[in-house]
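4 protein chains.
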Amino acid sequence: MSGFNFYHPMEVRYGDIDAQGHLNNASFLTFFEQARIQYLVHLGLFDPQHSFMEVGVIVADIHIAYRKPVLWGAPIQVGVRTSKLGNKSMIVSQVVADAKSGDIYAEGEVVLVTFDYKTNASMPIPAAWREKIQAFESLEDRH
Amino acid sequence: MSGFNFYHPMEVRYGDIDAQGHLNNASFLTFFEQARIQYLVHLGLFDPQHSFMEVGVIVADIHIAYRKPVLWGAPIQVGVRTSKLGNKSMIVSQVVADAKSGDIYAEGEVVLVTFDYKTNASMPIPAAWREKIQAFESLEDRH
Amino acid sequence: MSGFNFYHPMEVRYGDIDAQGHLNNASFLTFFEQARIQYLVHLGLFDPQHSFMEVGVIVADIHIAYRKPVLWGAPIQVGVRTSKLGNKSMIVSQVVADAKSGDIYAEGEVVLVTFDYKTNASMPIPAAWREKIQAFESLEDRH
Amino acid sequence: MSGFNFYHPMEVRYGDIDAQGHLNNASFLTFFEQARIQYLVHLGLFDPQHSFMEVGVIVADIHIAYRKPVLWGAPIQVGVRTSKLGNKSMIVSQVVADAKSGDIYAEGEVVLVTFDYKTNASMPIPAAWREKIQAFESLEDRH
Numbered sequence: 361m362s363g364f365n366f367y368h369p370m371e372v373r374y375g376d377i378d379a380q381g382h383l384n385n386a387s388f389l390t391f392f393e394q395a396r397i398q399y400l401v402h403l404g405l406f407d408p409q410h411s412f413m414e415v416g417v418i419v420a421d422i423h424i425a426y427r428k429p430v431l432w433g434a435p436i437q438v439g440v441r442t443s444k445l446g447n448k449s450m451i452v453s454q455v456v457a458d459a460k461s462g463d464i465y466a467e468g469e470v471v472l473v474t475f476d477y478k479t480n481a482s483m484p485i486p487a488a489w490r491e492k493i494q495a496f497e498s499l500e501d502r503h
Numbered sequence: 361m362s363g364f365n366f367y368h369p370m371e372v373r374y375g376d377i378d379a380q381g382h383l384n385n386a387s388f389l390t391f392f393e394q395a396r397i398q399y400l401v402h403l404g405l406f407d408p409q410h411s412f413m414e415v416g417v418i419v420a421d422i423h424i425a426y427r428k429p430v431l432w433g434a435p436i437q438v439g440v441r442t443s444k445l446g447n448k449s450m451i452v453s454q455v456v457a458d459a460k461s462g463d464i465y466a467e468g469e470v471v472l473v474t475f476d477y478k479t480n481a482s483m484p485i486p487a488a489w490r491e492k493i494q495a496f497e498s499l500e501d502r503h
Numbered sequence: 361m362s363g364f365n366f367y368h369p370m371e372v373r374y375g376d377i378d379a380q381g382h383l384n385n386a387s388f389l390t391f392f393e394q395a396r397i398q399y400l401v402h403l404g405l406f407d408p409q410h411s412f413m414e415v416g417v418i419v420a421d422i423h424i425a426y427r428k429p430v431l432w433g434a435p436i437q438v439g440v441r442t443s444k445l446g447n448k449s450m451i452v453s454q455v456v457a458d459a460k461s462g463d464i465y466a467e468g469e470v471v472l473v474t475f476d477y478k479t480n481a482s483m484p485i486p487a488a489w490r491e492k493i494q495a496f497e498s499l500e501d502r503h
Numbered sequence: 361m362s363g364f365n366f367y368h369p370m371e372v373r374y375g376d377i378d379a380q381g382h383l384n385n386a387s388f389l390t391f392f393e394q395a396r397i398q399y400l401v402h403l404g405l406f407d408p409q410h411s412f413m414e415v416g417v418i419v420a421d422i423h424i425a426y427r428k429p430v431l432w433g434a435p436i437q438v439g440v441r442t443s444k445l446g447n448k449s450m451i452v453s454q455v456v457a458d459a460k461s462g463d464i465y466a467e468g469e470v471v472l473v474t475f476d477y478k479t480n481a482s483m484p485i486p487a488a489w490r491e492k493i494q495a496f497e498s499l500e501d502r503h
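Chains as they are written, first to last, in this note's numbering: chain G, 361 to 503; chain D, 361 to 503; chain B, 361 to 503; chain H, 361 to 503.
Hints listed in this document are in silico derivations from the structure and should not be mistaken for laboratory results.
A hint or two may mislead.
Since the list gives no way to pick out one identical chain from another, each pair is judged satisfied if it fits inside one copy or across any two copies.
Said to hold, decoys possible - Below, a list of computed lysine to aspartate or glutamate pairs in the EDC-like style, where the Cα atoms sit at most 20 Å apart:
id, residue 1, residue 2
1, Lys-428, Asp-476
2, Lys-478, Glu-497
3, Lys-460, Asp-407
4, Lys-460, Glu-500
5, Lys-444, Glu-491
6, Lys-492, Asp-458
7, Lys-428, Glu-467
8, Lys-492, Glu-371
Produce the entire structure from the sequences given, and follow the hints as far as they go.
Shown next as structure tokens:
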């Protein structure tokens, strides 16, 4: 379970568990989403005091592979890593892992597009975002 | 924010927030529910390794009063207290509070009925439950 | 199952069902909420093309009594009725019922407060709302 | 919006809408899931009277591309098509579309693995399932 500089712990709620007794497949995306936002807060890219209407990031594409079922009470941590910075989009790799055993429950990639709500169009990733993410992830500037 | 011997901290997820930017009214019940289960685990009344099909507790009635809107990032803790033990039912008082300011966001009462899944009928609260809850809550035996 | 001039049919989703195989207690409030909004649309009090940020209605209090468990596939309809119009608040009675058998799965009351987002304070129920609701529900003006 | 022999209409609930006013990315998977189950019921492969514990189908992998935001009130229909039948797995193609305009809001592929809960292991797709799906989808037997 290496390769992630940021993990966010998450609690499996009874309300996340489906009729088969496991974390529901849709709930994994809720876990991904919450950890991504906490990652942006951690990097100083999003101030939770501001409205979510100002967050110019749109989810364009998600791939997720489910490896093992998650039970209520499992000590989950969700890894987040920006694996690619494009011009107007970025790829975020994510993993739902067991904080004790290190087991991987699910892993995936999320394509985010930076969006300007004022002009209602996609926009280049802001320079400040690019710098902070590159520094945090030790990414080279290849866009 | 006194009167609770048990609090469970909970994270407000982006997925809990509705179009008006606040914790959705239904999500409060998800917070209540998760904290109730953690309360039962804390008292040794429910082993999360077992199936939820064995938990003989049915929600019969809920009253909740919403005091203040909850925003993403609020440091929530949910208080749980058994306030009355009947013969086949119990009343659990709950509060959604701010762990820092002590502000109350919502409070309510949940009526739980003990249920025997084998006979498919309500059943008296088991003696072991009664003793543990009375001891934890300093409740007198008035049923 | 009389006493409601408005029913909204709702589909029980797999995602609404919890680990015990029933419609989750929190999901009932999601059913209540969706049917309330459809009721407001039906009465011409809310235009869904507008933002939900303009709907000046805040949920202040909910009481719900659970009568019978709801299974996936149950033909649900949710009844909505304004049972009392106050000055700055109204009480909405709701029921989750079986559209075929008429069985009541749950019933409750929701207290709504009219709210002015511009002044950030509660406000009297607009006259237009009052008239339309009184006409639809054959309510007398007793406030 | 051709290529689907099965569509299931779904209602966008207020509870599905997130703080940015759109159908949340995780909720799309709830829409996919509900329509897949209705597809199985339609083909006679799942009897909703039975427990979901008997449905030996596990979600192994999902890819979803988000094309356009979905607003509350949008007339959604979800298309479901089995696009490939393997030995122990199948690929289901899905689309979230507008029933009026035909616009595609999201599309994706879901890999399902047939699972025997008694032996707790993956199992070949039952012959009865294979025949019914091939007939419904006009799929050739290529496994």
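At most 20 Å between C-alpha atoms: does Lys-478 with Glu-497 qualify within a copy, between copies, both, or neither?
neither (29 Å within a copy, 43 Å between copies)
Alpha-carbon proximity context of Lys-492 and Asp-458, limit 20 Å
Close neither inside one copy (28 Å) nor across copies (32 Å); limit 20 Å.
Alpha-carbon proximity between Lys-460 and Asp-407, which holds within one copy, between copies, both or neither at 20 Å:
between (31 Å within a copy, 19 Å between copies)
When no copy is specified for Lys-428 and Asp-476, does a C-alpha distance of 20 Å or less occur within a copy, between copies, both, or neither?
between (38 Å within a copy, 15 Å between copies)
Quick one: Lys-428 to Glu-467, C-alpha cut-off 20 Å, is that within a copy, between copies, both, or neither?
Answer is within: at 10 Å inside a copy they meet the 20 Å cutoff, but 25 Å across does not.
Go through the copies and call it for Lys-444 and Glu-491: within, between, both or neither, with a Cα cutoff of 20 Å.
Within one copy only: 13 Å inside, 44 Å across.
Is it within a copy, between copies, both, or neither that the alpha carbon of Lys-492 lies no farther than 20 Å from that of Glu-371?
Cα proximity of Lys-492 and Glu-371: none, with 28 Å in one copy and 26 Å across.
From the Cα coordinates, with 20 Å as the cut-off, is the pair Lys-460 and Glu-500 best called within, between, both, or neither?
For Lys-460 and Glu-500, the Cα distance exceeds 20 Å both inside one copy (32 Å) and across copies (41 Å).
Checked against the numbered hints given earlier, the structure breaks hints 2, 4, 6, 8 and satisfies all the rest.
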